[in-house]
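J.: Protein chains in written order, with the working numbering: chain A, 472 to 586; chain B, 472 to 586.
The set of hints was computed from the structure by calculation and includes no laboratory data. Note that the structure is predicted; figures quoted are calculated from it, not measured. Cβ atoms here follow ideal geometry from the backbone N, Cα and C, with glycine treated the same way. Each hint should be verified, as a subset may be incorrect.
[As the list claims (entries may be wrong)] Covered stretches of chain B, as calculated for chain A (at least 3 residues, CB under 8 angstroms):
1. 485-493
2. 498-505
3. 509-518
4. 530-544
Number of protein chains: 2
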Amino acid sequence: MEQYSPHLDVVFQALADPTRRAVLGRLGEGPASISVLARPFAMALPSFMKHIRLLEGSGLIRTHKQGRVRTCAIERQPFAAAEGWLSAQRALWEARTDRLEQFVTATVQNPGEPQ
Amino acid sequence: MEQYSPHLDVVFQALADPTRRAVLGRLGEGPASISVLARPFAMALPSFMKHIRLLEGSGLIRTHKQGRVRTCAIERQPFAAAEGWLSAQRALWEARTDRLEQFVTATVQNPGEPQ
Chain A
472 MEQYSPHLDV
482 VFQALADPTR
492 RAVLGRLGEG
502 PASISVLARP
512 FAMALPSFMK
522 HIRLLEGSGL
532 IRTHKQGRVR
542 TCAIERQPFA
552 AAEGWLSAQR
562 ALWEARTDRL
572 EQFVTATVQN
582 PGEPQ
Chain B
472 MEQYSPHLDV
482 VFQALADPTR
492 RAVLGRLGEG
502 PASISVLARP
512 FAMALPSFMK
522 HIRLLEGSGL
532 IRTHKQGRVR
542 TCAIERQPFA
552 AAEGWLSAQR
562 ALWEARTDRL
572 EQFVTATVQN
582 PGEPQ
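Excised from the complex, chain A in its bound form (with noise of 0.2 angstroms):
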């Protein structure tokens, strides 16, 4: 499994604010001007930049800037490498019930035999 991904840790670092999750889910419904998803929110312009910036930096978003107005859209790619990775950690668990399992049940039909 990849633990080691440089760009997990930006993508999980980037869902770790409620501001930037909130943008997100703004995102969801689809593509935005900064000042609208900026609208919602009680912060200085710049401060709310760095939250862009550093959603775009993950791959969370693109923008795309014409005359004065940037626009800014969801990237589907880095959600999926984050269920990914979280998926993984479940399919171990999973495996390890299943083995588990399998190893009482073994048990309950031949008490007697070592396993």
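Take the given structure of chain A and dock chain B to it, following the hints.
T.: For chain B alone, kept in the frame of chain A given last:
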């Protein structure tokens, strides 16, 4: 959607480090003592313990001391919370893609009608 959960902040923060992800990967195979967990890392024990405490604080692991041995084990619920947040995001995009497809289909079938 719960963007503001402080719990998700600490869970994603805990996942944003390769040592911590590797520890979680090892614990996915079953509980282990601190000394077994620390073995693969070229790291002083106090530094390693910071990672363990951060993981315990996030709820991703629990630890239990018996005599001089502290054993760590995975806790599944915070993984489920992180996976739940990511899959809720995906549900948003998929709903949007479905609406776009319905719009395009309706436009192709009835090109003259206003949508």
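J.: Give me the numbers of the hints this structure contradicts, sorted from smallest to largest.
T.: 3, 4
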